[in-house]
Each structure stands twice: as C-alpha cells, then as structure tokens.
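Asks: Chains as they are written, first to last, in the UniProt record's numbering: chain A, 1 to 460; chain B, 1 to 460.
Please keep in mind that the hints were generated in silico from the structure rather than gathered at the bench. Here the structure is a predicted model, which is why all the values come from computation and not from measurement. Using N, Cα and C, we set each Cβ at its ideal position, and we do this for glycine too. A hint or two may mislead.
[Unchecked claim] Capping the alpha-carbon separation at 30 Å, the derived lysine-lysine pairs in DSS-like fashion look like this: (1) B/K211 / A/K296; (2) B/K296 / A/K211; (3) B/K230 / B/K155; (4) B/K219 / A/K293; (5) A/K211 / B/K409.
[Claimed, not checked] To list a few chain B residues with every Cβ distance to chain A over 12 Å, as calculated: (6) K15; (7) F20; (8) N94; (9) I176; (10) L202; (11) E290; (12) H372.
Number of protein chains: 2
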Amino acid sequence: MKEEFKQYFIKILGKENAHFDQTHKIAYSYDATKKHYLPDGVLFPRNEEDISDILKFCNDRGIIVVPRGAGTGMSGGSLAVNGGLILAFEKHMNKILEIDLDNLVAVVQPGVINMHLQKEVAKYGLFYPPDPASMEHSSLGGNVSENAGGMRATKYGITKDYVLALRAVLPNGEIISAGKRTVKDVAGYNLAGILIASEGSLAVFSELTLKLAALPKFKKTAMGIFPNVKSAMNAVFKTLASGVTPASMEFLDNLSICAVETKFNIGLPINAGAILVVEVDGNIEASIDEDLKMIKHYFLEENASEFKIARDEKEAKDIWFARKNCSQSIAMYGKLKLNEDITVPRSKLPDLLEGIAEISKKYGFKIPCFGHAGDGNVHTNIMVEDKNNQEQVKKGYLAVEELFKLTIKLGGTLSGEHGIGISKASFMNLAFSDAEMNLMRNIKKAFDPNNILNPFKMGL
Amino acid sequence: MKEEFKQYFIKILGKENAHFDQTHKIAYSYDATKKHYLPDGVLFPRNEEDISDILKFCNDRGIIVVPRGAGTGMSGGSLAVNGGLILAFEKHMNKILEIDLDNLVAVVQPGVINMHLQKEVAKYGLFYPPDPASMEHSSLGGNVSENAGGMRATKYGITKDYVLALRAVLPNGEIISAGKRTVKDVAGYNLAGILIASEGSLAVFSELTLKLAALPKFKKTAMGIFPNVKSAMNAVFKTLASGVTPASMEFLDNLSICAVETKFNIGLPINAGAILVVEVDGNIEASIDEDLKMIKHYFLEENASEFKIARDEKEAKDIWFARKNCSQSIAMYGKLKLNEDITVPRSKLPDLLEGIAEISKKYGFKIPCFGHAGDGNVHTNIMVEDKNNQEQVKKGYLAVEELFKLTIKLGGTLSGEHGIGISKASFMNLAFSDAEMNLMRNIKKAFDPNNILNPFKMGL
Chain A
1 MKEEFKQYFI
11 KILGKENAHF
21 DQTHKIAYSY
31 DATKKHYLPD
41 GVLFPRNEED
51 ISDILKFCND
61 RGIIVVPRGA
71 GTGMSGGSLA
81 VNGGLILAFE
91 KHMNKILEID
101 LDNLVAVVQP
111 GVINMHLQKE
121 VAKYGLFYPP
131 DPASMEHSSL
141 GGNVSENAGG
151 MRATKYGITK
161 DYVLALRAVL
171 PNGEIISAGK
181 RTVKDVAGYN
191 LAGILIASEG
201 SLAVFSELTL
211 KLAALPKFKK
221 TAMGIFPNVK
231 SAMNAVFKTL
241 ASGVTPASME
251 FLDNLSICAV
261 ETKFNIGLPI
271 NAGAILVVEV
281 DGNIEASIDE
291 DLKMIKHYFL
301 EENASEFKIA
311 RDEKEAKDIW
321 FARKNCSQSI
331 AMYGKLKLNE
341 DITVPRSKLP
351 DLLEGIAEIS
361 KKYGFKIPCF
371 GHAGDGNVHT
381 NIMVEDKNNQ
391 EQVKKGYLAV
401 EELFKLTIKL
411 GGTLSGEHGI
421 GISKASFMNL
431 AFSDAEMNLM
441 RNIKKAFDPN
451 NILNPFKMGL
Chain B
1 MKEEFKQYFI
11 KILGKENAHF
21 DQTHKIAYSY
31 DATKKHYLPD
41 GVLFPRNEED
51 ISDILKFCND
61 RGIIVVPRGA
71 GTGMSGGSLA
81 VNGGLILAFE
91 KHMNKILEID
101 LDNLVAVVQP
111 GVINMHLQKE
121 VAKYGLFYPP
131 DPASMEHSSL
141 GGNVSENAGG
151 MRATKYGITK
161 DYVLALRAVL
171 PNGEIISAGK
181 RTVKDVAGYN
191 LAGILIASEG
201 SLAVFSELTL
211 KLAALPKFKK
221 TAMGIFPNVK
231 SAMNAVFKTL
241 ASGVTPASME
251 FLDNLSICAV
261 ETKFNIGLPI
271 NAGAILVVEV
281 DGNIEASIDE
291 DLKMIKHYFL
301 EENASEFKIA
311 RDEKEAKDIW
321 FARKNCSQSI
331 AMYGKLKLNE
341 DITVPRSKLP
351 DLLEGIAEIS
361 KKYGFKIPCF
371 GHAGDGNVHT
381 NIMVEDKNNQ
391 EQVKKGYLAV
401 EELFKLTIKL
411 GGTLSGEHGI
421 GISKASFMNL
431 AFSDAEMNLM
441 RNIKKAFDPN
451 NILNPFKMGL
C-alpha cells in the first residue's frame, strides 16, 4: 500500500480508524475457515459517508476492498485473498438505530451482532427469526451478505425473507437505498434481492431494515427414534403436508448418534437409523399440543420406536443436547473434518444419505451427517483420520467433489447456509452453466466495473 | 415487420403460432390499463426452445419482444408500446408440470392461471398463498413478473416469498436456471431475486417452481367499526405486535363506506371513520377463537363501536361484501377513476389518509381509499367527475403526482402490487435517485445489452 494512500485514509478516518501495522493485519486475516490471508490494511468506517469516501478513493485507484462483519464466515467471504483493505464494521457501525413496534421492524447498522438484536427486541416480546448457529457472534451485515439460514428455516424462512430494505454504497461511492419498510414494494428492480447473498461483492451495506416477529408464547420439544432415515423423512413429509409446521425438525444419522453416545453416554439408541428432534411453537398451548399429537401420530405410523415429549425445559435441553453436540462428538472419527452444508429438496434426503454411504465405502471415510430435515440442509462431515497423510487428505477432497456432484444430481445446491466464497469457488462450474456464470459476471460488472469489491470470490 | 422475419417465425413455430394479421394484433394490444398499443405480431411459443430460438433471432436483429401473460396487468407491463412482437404463453405454455407433495412445491409453466393452480393443489389440501385480486384471470408468469401481492400478504407475504426457483431464457437465447427446490440455496447470486418483479425486461420465464402451503382447516371473519382511521390503525398495530397475525386486515374509509351503502343499502354505518374486516385462519378452531378474542380486546380498547364475528359462511360473505364492492361503488363520485396502489409503512397510514384529505380539498376531488391495513397498501381513487373536461383531467393527474410525493415522503413506494410499467414510469425519478436509476439501467444492460426485451418500461 502506497504511503500516500495510507495518509489519505488516516486523514479522513483519523489514525485510530486506519491501521496498516502487522498486528491489525494479522487480526483481520482469518475467518472460521481457519485460512489466513494478510490484508494491506484495516479500516473502521464511522458512518455511511466514510464508506462512500473510502470506496470512491479505492475505485479510482483500483484498490481492493473487502467488507467484513464478525469474521465468523465458513467460506472465506471476508478474507482478503487478493490483498486490499478490510472494511470492518464492528468498531463504529454496530448500532441498533431503531426498533419500530408499529411496523415490527428493526433498523440496524451492518456490524450489529445477531444475538444483540435478539436480546434488544426480546424486551418487546419480539424476535428476529433467522438464527444461524453463529448467531451469538456473527453480524447482521455478514448474515445478509451470506443469506444465513438456521434451525428455524422450515417454519420461518431464512435471512432474505426478513430484509425489507437496505442502504448500501456502490463501489463508485454512490449511496443507494433499496426496498421500503413495507411487505409490498414493486417499484423498480428488486435491488435488495440481488444484494442479499452477494457475499460483499456488489456493494457495501450501510444500514439494514429487518422484519421482526412476535415471540411465540409457548414452545415444546419432542424426539422420535427411527429405524432408518427413509422412515424418519416420511414422517417429516407427512407432518409438513398436514399443515403442522414445526419451528425446527432436526435429524441425526446413526454415526452422529453413536458419536454423541460414545462421548457423553446419555443413553442414546446406538442402533437407531435416525433421530428426529422437533420443536413446535405458538401462542396457544392447546394448539401446539394438538400439533404434537399429530406429529406423534405420523412418527408412530412411520415406525418410530419411541416418541418423547419434553415435560419441562430441562428435558427439552436434554433432547437438544444430542443435536447440539454432534459437531464436536464426531471428532472421534478423524482428525480432519471436511464439512459441507449441501442442501437437497427434502424428498431427496434419503437418496442423498444412501449416496453418501456409497462415497463413504468407496473412499474409506466415515461420513456422519446431521442437520435440518425440514429443509433438506445437511451438514456432511467427511472425516479424514490422519490430517498429515497427504494421500488421505487428497482422497478426502475427491470425496468432497463426488459429494457435490451427487448433490447437484439430486437437484440440490452447493451451499444452503455458508455461501461459496473461496472454499467452494472451484465447484461452481459443477452447479452452474457457462451462461449462468457469465450472467453473474455481467451483474458483478454492472455494480463494480473496476472489480474492486471482494473480487474473484464465488468463482467469478 | 420484414417479410423474411415473419417467414422465419412461421417456419419455426408453424403458421398457427405466428400471427401478423390485424385481428391478432388488436387482440394483443391491450391490458387492464385500457391503453392500446398495436404490436407487430403475436407469437405462441410451444416450449422453452421456441422462446430461445425467437429471442436469439430477435436479439441479433434488434427486434423488440414483449412477454405477455393474461393481459390483466394494471401498469402496462405487457403492452408493446414501442412495437415489436408479443410472446404469449396462454396457448401452449399453460401447464402445471408437477405437484410435489413431499417438498410442497408446484412446477408450472408461465401461462398457468393462478386460480387454476389453486384448484389443482386444493385437491391435496394445499394452496398457493399469493392471491392478487386478478387471480381468477392472471397468469403466474405475470404474477412473478410484477411480484403480485394480495389480501393475504400480512400473514403470508407476496409472490417473491413463494418463488423457489425458475428457468428463464436470456435475450441472447441462452437458457438459465436459478434457485432450487429448497428453502435454502446460497450458491452464487440470487438470480431469481432480481428476475422477480423485473416486469419482463430482463429474461423470459419458461418454468416456475413455487412453494405451496397446507390449507388452514378453519377460517373466521370479523368486522370492527371505528370512529376514525387512527383508532382503526392502532388496533391493527396492537393486534400484530401481540403475535396474532390475521390472514387479512382490510379497511374501508368513510367515503368508501358511504359509497357501498348508497349503492347497496346494507346497513353500513355511514358516520363511521373506518371499518376493518379481519380474517383469521388456522388448523385449530380453539386457537383462532383465541385470536379473535384478542382482536376484539384490542379493537374495543381502540374505541370500536361494534365488533362482529361472522357465525357462518353467509355472515362472513356479508361482511366481505362491503370490502369487495368498494371498487365498483365509488364510481358514484366521478366518471374517471385515477386509481393507484401506493404503499406506506403501516404506521404511516393515518398520516397518508390525512394528507390525502388535504389533496382532496385542494383539488376538489373525492378520494375514497380502501385496502390492506395490515401491510400499508392503499388503493387510492382520485375521482374526476367529468372525464371529458380536459381541465379537470389535468388537475386529476396533478393530484396523482402530489399523492406520489406524499407517499415517498412517508417512506412509501409508488406501487405495492401493480408495478411501474408505463403508467408510473414518469414518477420513477420522484422515488429513485440518479444513482439508483443508473444502477437499474446497468442491470438491464447486463441481461439485455441490445435492449430488445420490453424496453423503456419503468422509466429505464
């Protein structure tokens, strides 16, 4: 980074907000992928005008800018893989600007942590439905950039369903607003629609207007134990088609069940083919009891050997314990975990898991799977026993490629929650045609003709 | 249209699907705006390949193409205002391709009529939530192009919330697919997101994958009579913030009430400031009764002079009668109706209606309003008494402009449901900055560099 550039940023932001020392560079070189790329500097914009000034300056000089929320991304979206400046919102642009009770809307800056918003709106009996597993640490700007999902997607949808409007700065420094504080707005192109999930590559968010919902007054948890995945999934289909829509329908496969049981010894049925954990919520207790009655009916009809409803919060926590501890428990199967967040139409989940069993056999890896049965989003974990064995690691990545091919064949997507970033960029050509890739490149160019904003991510 | 061009289309489509006679041109020259523009021809593609062949040919030669669903649009989106070819889907591409019960999804061609889909999926206890007033006649391709709303938007959202995936043909003839049969898909840009609401100007839909929902088993209707709009809206805010989300919350203002009463003499309270019509639905009767109890509580707290719950379907129909007959009844106020579908954040509805009263006074027009209290979408009707009086008509359009300015000032949008097309194109600069308009033009160029697809609509 040229000295005169550094001086410009120090001049407009103050030296406390423009950093070019090694310590800052290292601190902002990583995300949850555990990959490291040193940026050329770290800037903390104080407001929208700062973002605009920075982008205009960089755009005129071809300096790369990478927006960054909390750095919890799973696909490298916020990594400066080609150098450039990190634009970080955590220091100043982390405020909840408004909680609007009449319209059930929150207006926030991009650096607000998801859980911070949840806690504030809970004071008014409200919640923000998107609940990525990272929600205690991840920022809403990052959530919108990656279009984060979560446990409640079956009933409540994902991030894009809750962004009513936003303000953003284009790479040339122009400030735009998109959408309104209304459910209905059909004037002009759906600019917010294309900015959501764009992984910080089209514009920099400066303000987000998010839809809130009333916190359900009651919630209950139940668990069913199934002989195999097919019967568990049939129970899911029947439940959802009946009009009962649980907030969550989570599953563990046999390997995941065994891993949790081995580690924690909590009495899980190690011969079960699958466990489903279900949470129902609503404002009327009798109504969710009725939901549970129907769920029980469909679960037993599909040969669940046990159906247990938690009688209190402690029992609910016990039931959730297995699901929430999958990720750490499966470490017993290998030192290197190649985990993906593929998603298939939920009807294809049994086929997917069958195919995964074949991949497991072919490559000799254990592949425990758990995740969101209600929406077909599976966390697959190819467990490579020895992470220092190059041969094994290479085979592991071949298995990943095969997994992606299987997913696409079943009408699924490379990523249900984490985004593409750099970690799945090389697989984009499996999922998209040349025409589709070219179209995405043309859209990128329409927003960012000089290619300064988080360039070359997503295989673009 | 050059003879050789005509011959090409006849060759690839057959003469029964390529028409250049005056009768066809006239038949496809109109939509619900009642404006007429003669196209140069009418083509009925039989499949996606036909669309691709047509577009490629036209793109290479600069021939304008205008996709058209059922011609029920309210803003001129399907009118060939600059000539060119109408691409009509009603003859061949009108099939429901699949109803997928496990994933609760329907796959349809763009020419399928909304109500046709509703009837088919109702056989399985399902429904497609978006319910534009035109649903008995409008096509799903048109619904997606305009991002149609409806009565149920407060609870169920609008068209864009139900499009999971689509196939489309780019102006250069390339076929793309966007989205998956899954709630979660975050691979690549949200191409479906930008295509929805693009008014046929970016690509031509060839297939739509739509999310379905289980039909609620019970629904009940109620009505509240309020002294003024402010108290009615307060009742709406309190209801929604409490977690009770009616499927519909519709309102009539005093002028609308008086018009319906004058025409039908059904005993409406002509001194009331507003009537709210509420519909609640759900699977458990006790639960919707509880909802109604809470609604009644909030309505009475906000000075409703009456709260009536329909005891059967007949009584429900009677309650809905007033709302459904607003549009025709207000004709008593003038021969020319300048109706708009502006939307403001619902908290601003009282301010909007106050501002409208001032516009009414200033210009001397009656402006009855009714619509969707739950989502802030108001059907405003500037009633010009004498449509042959040029002076009056001109004043009417000045009043429309003032209405749009007021709407924008209140954080609202030019259109909640109908789209911009040609009818609101000249007001786009009130609602969007130069930066936003330029960005939309750049997006248009990214999809359609030769500007052949429904060009110059939306003020682009």
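Asks: Are the hints correct? Go through all of them and say.
Replies: Outcome of the hint check:
1. B/K211 / A/K296: Judged against 30 Å, a Cα distance of about 25 Å means the pair holds.
2. B/K296 / A/K211: Measuring from Cα to Cα gives roughly 25 Å; hence the hint holds.
3. B/K230 / B/K155: Distance of about 22 Å is within 30 Å: holds.
4. B/K219 / A/K293: Answer holds: B/K219 to A/K293 is near 21 Å, not above 30 Å.
5. A/K211 / B/K409: Satisfied, since the Cα-Cα distance of roughly 21 Å is no more than 30 Å.
6. K15: 31 Å, holds
7. F20: Answer for B/F20: holds, closest chain A Cβ roughly 31 Å.
8. N94: 24 Å, holds
9. I176: Given a closest Cβ separation of 5 Å, the condition is violated.
10. L202: Contrary to the label, B/L202 does not stay out of reach of chain A, its closest Cβ about 8 Å off (not over 12 Å).
11. E290: Check fails; 5 Å does not lie beyond 12 Å.
12. H372: With a cut-off of 12 Å, B/H372 comes too close to chain A, as the shortest Cβ separation is near 8 Å.
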